[in-house]
Amino acid sequence: MSHQSATLAAATRPADPTKLRALEVLPWVAALTFYFVAPGYEPLATQVFVMILFALSLDLLVGFAGIVTLGHAALFGTGAYAAGLLSVNGITDPIVTAVLATLAAAAVGLVTGALMLRTKGLALLMLSLAACFLLYEVANQATPWTGGDDGLQGVTFSPLFGIFPFDFRGQTAFFYSLGVLFLAFLAMRRLVNSPFGWSLRGIRENDGRMRALGCPIYLRRLTAYVLASAIAGLAGALQAQTTQFVALHVLSFQLSGDILIMLILGGAGGLYGAFIGVPVYMLAQDLLAKQDPANWYLWQGAMLLAITFFAPGGLTALAQQALSAIKGKLRR
Amino acid sequence: MIGSSIVAILFFGVAYGMILYLISVGLSVTMGLMGFVNLAHGVFAMAGGYATVSLMNTMGVPFFPSLALACIIVTGMGFVLERTLYSRLYGATELRQVLFSIALCLVAMAIVRIVWGPLAQPIQLPEYLTGQTDILGQALPTYRLFLVAFAAIVIGGLWLTFERTLFGARIRAAVDDRAMAQAVGINTKRLFAATFGLGTGLAALGGGLGADILAIAPAYPLQHIVLFLIVVAVGGLGSIKGPFIAALAIGVSDTACKYFFPEVGSVFVFALVFLLLLWRPNGIMERR
Amino acid sequence: MTACLETRGLTKLFGSVCVTEGVDFRLMPGERRALIGPNGAGKTTMINLLTGRLRPSSGSVFLHGIDVTRLGEARRIKRGIGRTFQITSLFPALSVRENVYLAVAERDGIAARMFRPAFGWKPQLQRVDELLERFHLSDVANETVQLLPYGKQRLLEFAVSLALKPTILLLDEPAAGLPTAEAAIILEVIDRLPKDVTVLLIDHDMDLVFRFAQRITVLVRGRILAEGTPAEIAADGRVRQAYLGEGGHGRHP
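Protein chains in written order, with our numbering: chain A, 1 to 332; chain B, 1 to 288; chain C, 1 to 253.
Hints listed in this document are in silico derivations from the structure and should not be mistaken for laboratory results.
Treat the hints loosely; a few may be bogus.
Unchecked claim - Straight-line C-alpha distance at most 30 Å; calculated BS3-like pairs for lysine-lysine:
id : chain 1 : residue 1 : chain 2 : residue 2
1  : C       : K195      : C       : K78
2  : A       : K120      : C       : K78
3  : B       : K189      : A       : K290
4  : B       : K241      : A       : K290
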């Protein structure tokens, strides 16, 4: 228990956002390098960017506000279906659809969040799960509009800024999603370092004490939920735009679980967990699931067990511990 | 016509509900007692199903002994897992419990898939339980009739245990106030392990009995967990009668929904659950 | 003169157990009052009813003459009620400075701001540092709270509560179980509270109570048994009886 909290504490230490740490440039350099050293893998990289954005939105809830949800895909899926349906109905500008999809997810987040956040514990978990299953079933049954189980076909988008078409090699998609991820990340970095971000940590740590400080907890948590919904919706829109397809999977409980595992693998509550957890997870999945899905489940389960028992702070916490151990050795 | 289909829906719904209850009641008591968010409860029902089917199909053990043996095996499994893994996470954050139990589901799904393959395992029922039986001019599957009767006996026994024995009294006391139960000398450690074992044993029985309703396949634990959780959340944590009502209501309404409005699927059920939980976040039979 | 905090017929039932029974209680602005009583008298429940953490079964609470019975805890805190917790209630994984910062940010109404970084609010940070100084916590400002010794945690508990600049302060056994050094710091802070801050103190330490309070209210089994100046209370036979009769606790009046 104390071990877990200590690693959590290390991850929550405030970073002075005006000071950029050297390590913070790493993911972006890595992404750009990847483009040059691994041509032909743009679509996979694009998928990774989209999932990182999705995981970031979950980090705001799980890592900062302490809201555990098992239905985060509901918002990702809303964004994806919103973008896809707009496209099918003739609105194909990527920026416009992305903005509208973000708003749609925020609206769904506002309604479900306003209801869900009145409860806590098991009821909250169940409501998040029920909301996700509900939206999944609606999309599944509304075949005339959504294509049901077959997915939404015929999704196309016009060139980005009217100049860059979404090409077969996926270059536009690569830079577009990387750019959106970068902007969204900057915004989130500001958010979690603001007084608002700190008050979320306070609620996570001890909501009773926050209330005794005069904090309107429900409102604060709902605000965080709507913001996270919006970002999840944006990620969903990117998914629809970069793959030109919306599968029913985007609303599934399985995706909700997967994204939670990715985040925890990287480490929640520090914004950087998503950047480590998602690529590691997706790479592992790519390597292991190909041979045999059973194999992949086993690895996934074993990994998750190891994380819960031995490294609740995820890979980022492990890396931090390793770094400080090395520093300590060097100093001696 | 309508009348007879309503009888049929009620009957199938009740059979379904009883299976849901047998599987979920252990989850309700363990979650209420230990405050553990256990998403892996379906694993034990699945294990019960696989054990029953394997004992019958590959070793030729008859149906009832197979069921009994499956229960014993899974109870032992639950007992061991409680002592080795679950107990380490009592008092841990909800998130860690959720992740641990998802991990357990994944590992179980993988093992089952490696040993038995990806396909569903059909259960070979004994001759005398197949076919149809006429009840009040309506032909109903014999096995489901047996299932309802058998489950009713087990549930009756369970309730008697819970209300009349010292073991039941201890559980009720510990659910109400664990600190107080400890203070009056109840060994909560042993109580937790015993309760967990009992809960998993019942789940195994439900899994084995209900193999023709909830098919025994590797996806079982994650595919059906939402149903079990709904029964518990709606019924009320720690309660043993609340989930019974919830399970029957869900069994009947889901069956009715699929019969009358097949095109809407389970939308109604989930919407209903959502509203119900908003109205009563702690379930219909709130203890505490 | 209107009382700044008043209850009328305040009653709280837990199941069938009555922990607060028809309490009429008035606290005047700037007053130094102590609330004493044997264990289980319902003192902490009383504080929880005053701050809105608990809802009364019947009766009402008035703040500066306004009925606040239906207002939640956060709203009452905003109107100037502050309290310390008998059982330390802090943000364990955050640092000492961050703990105080959260309180200052809520108090100054900037806690919902999303753009400017938290450390960019200079006046607030300055107040945080002043508070840390006052409670001798500056040298542990960056330590994680859960790794702090108990005495320091109690000091922090106090600093967080005072960061809200309450006009009515409810102190629930502030110095109980503290090492002498920390107890002295807290007593000094209590002594130096501005005269216009109203203070209600719960404590079993009768030396502290009699030194601090202008008036004392005695609560026994959820009811007010006696109320008066320290001298009157010390001379009151019923009070002595209540303490001795219940087995007593701490030093007797």
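| query | Can you give the numbers of the hints that this structure goes against, from lowest to highest? | reply | 3, 4
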